[in-house]
Amino acid sequence: MEREVVSLYKLPIGKSGRVKMLTANGNIRRRLMDLGLVENTVVEALRKSPSGDPTAYQFRGTVIALRSEEASNIFVHVC
Amino acid sequence: MGLTAQSTWLGALKNEIAFEKFGTDSIIVALVGNPNTGKSTVFNSLTGLKQHTGNWPGKTVTCAEGFYEHKGEEISLVDLPGTYSLLPNSVEEEVARDFICFAKPQCCVVVTDATCLERNLNLVLQVLEITDRAVVCVNLIDEAKRKKIHIDLKKLSHILGVPVVGTNAREQEGLDRLKDEINNISLGKIKASPLKVKYDETIERAIKVIEESLYPLLKGELDSRWAALRLIEEDKRIIDMVNNADNLLSKELLKAALKEAKGILETRYACIDEIRDAIATAIVLKAEEISRATVRFENTHYNELDRKIDDILTSKLFGIPIMLALLGFVFWLTISGANYLSEILAESFFYVEDFLTDLFLYFGVPEWIYGAVVLGVYRTVAWVVSVMLPPMAIFFPLFTLLEDLGYLPRVAFNLDNFFKKAHTHGKQALTMCMGFGCNAAGVVSCRIIDSPRERLIATITNNFVPCNGRFPTLIALSTIFIAGSFGAFQTVIATIAVMVAIVFAVLITLMVSKILSQTILKGLPSTFTLELPPYRKPQFGRILVRSLLDRTIFVLARAALVAAPAGLIIWLMTNTYIDNISILGWCAKFFEPFGRIMGLDGYILLAFFLGLPANEIVIPIIIMSYTASNSLMELETLASLRQLLLANGWTWVTAVCTMIFSLNHFPCGTTLLTIYKETQSIKWTVASFLIPTVTGILLCIVFRLLVSLLGI
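The listed protein sequences correspond, in order, to chains A and B.
If you're matching positions, the first sequence starts at 3 in this note's numbering and goes up one per residue.
If you're matching positions, the second sequence starts at 224 in this note's numbering and goes up one per residue.
Mixed in with the good hints there might be a few duds.
[Claimed, not checked] Only pairs whose alpha carbons sit at most 20 Å apart, straight line, appear in this in silico DMTMM-like list of lysine to aspartate or glutamate:
hint, chain 1, residue 1, chain 2, residue 2
1, A, 50, B, 527
2, B, 421, A, 41
3, B, 644, A, 71
4, B, 509, A, 41
Calculated from the structure, these hints are not laboratory results.
Here the structure is a predicted model, which means the values were calculated and not measured.
Working from the sequences, and respecting the hints, build out all of it.
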């Protein structure tokens, strides 16, 4: 079954997604991949910052906060 | 001894890393690891060298160095910057990679965090691609145990093909074994055969083609497989390096090989980004595979507690109030605690001064020497120490405690949106917090921001947050002129007034940052990734010793060092007369019209300039000028200070203007020097001087005009 694809930024808090692709380029892309955000990585949206942005995500055993700019360039299948 | 590349073709190497060897034939060992893995703790535990370790990502950016001896071998240990990867995206990664590639350490220790081994393995695999001489240190093994995470170290070592040692560096556990393995690898007693990540068939074929003609060119200076991979990725630095090679014949062969490889790669990949992705993905997946084979989570909700704490500390409702309350509490404790300690210190210093006076009298020392030494130098240093030491001795341990707990990255998380709107980095919140202790320390801490533009903005604007040296001024003035009539609630009101000043300082910082990022430092915010590490149990004893030794004494020694000559100069200025007016008086006369425009007077403005060496001597200089007592003095009580200031024409407007200018003026000498060291640029140092000064002058003028317009 084909699952819904959304940007990580739109992934509701508490939900998990499986990385489909990154649309970021250059350095940002490298940095995100270095952190382990490659295809099929399961990412859970943990919480938004009290000031609205960034959002904390958990993947590969670590919690990393990403700003909306970065998160909108990551697309995931909603689990 | 500086370490430089031995052969000409390594000339592409830009980052020369200077370091000293322990003895001429000591072994060089490099320490690498992700930020926040306790790498610095391992470093300290191995070398015994006191160096601060923090719980925020990317703390150690410079290469610290230490020495130790183990079983007759002398080891020089170089602590490389914490990095997530060796694919150079930032200066830190470049430095780390260059050191491993070109400085050729005899052994490379990769420190990993047992509680999130998978992500750390990424770096391990990259290191193993460059060098065979590696030892993997799985640190924080106790934390992992507590979280019921089991790691099969033997199996891990078997898979990786290098020694793996589990350690708990904070308790010195496992370090002897680590040292043994470092010796074994360095001396070649163990021949490691490290795991090399296998890429897909297309890339492997391309590697093979390039490697063949690259191998003779490298003359064993670099791992040829690794270099081939970098050429496939079109890594500019490695390409430059090869272009500088002197072996022309091999170069032609290599060119042909590169062309062939390109042809192979084009059968599968449309662009270079796809190749890079494939390489990065292969490493990440390998790390995942190894982690699956060696790590077992007995309790899948091992980080439940961290999440619960975060639910509160970073919640929409409580996140920011708790943060303000916590910082407020830290300031309140600092302010009220420092009062008592300052008094005790001042008393003992005056006791010593009396003793010194007797001593000078006894030996019949000429009066001017007595004046210069005791009333000038000694009093100034005594003042600086008694005013500065107590708040620092309270503030720094408290701050280090928050740091150790892992709370500070949460502050950055809570506040990042404001910084994003100012086009800067959320970690600037942390460098600002550090600035509250000491701006020079704050400027140094800007290294944790990994993009140059945002780092520069944070450096230039750090001085907008008041340091410990300026707090006494703010506290004294707000107590006298704002809280004066509130009787029993004085401390509370003074604390609130100081908090208002802090909020004001933060707003100014954000505004100036925004202006900077839209004018001279134009640019879009670069990637923002902020790790929120697990909370850790702080070690109280160590915190106390570390923050006292590393920060307090360090900052204090520097301050005392500048205060001593400053004291002498000020004493001379007040005691040298031209036409019956002291030099200080003449200078104040010169500054008078400028001071008046800003709602101050000549003496106040002059005091700020004379206070360049250390901000804490500003108020004493003002007092000294008014009383013409010719030497620094502290008035016994705030009430008498109030009398003195009122008698010299101060109103609440003067007080507020002085506070505004105290918040917004040039950084102290130490901070300026630090800014120069960090930026290596006179231009940015001058900018750091001018920007806050101009801001302060404008704010004072506007405030004074507003008051007179409104007729308050």
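Structure-based check of each hint:
Between residue 50 of chain A and residue 527 of chain B the CA atoms are separated by roughly 17 Å; this keeps the pair inside 20 Å, and the hint holds. The straight-line distance between the Cα atoms of residue 421 of chain B and residue 41 of chain A is roughly 18 Å, inside the 20 Å bound, and the hint therefore holds. Restraint check for residue 644 of chain B and residue 71 of chain A: satisfied, since their Cα atoms lie roughly 12 Å apart, inside the 20 Å limit. Note on residue 509 of chain B and residue 41 of chain A: the hinted pairing holds, with a Cα-Cα distance of about 13 Å set against a maximum of 20 Å.
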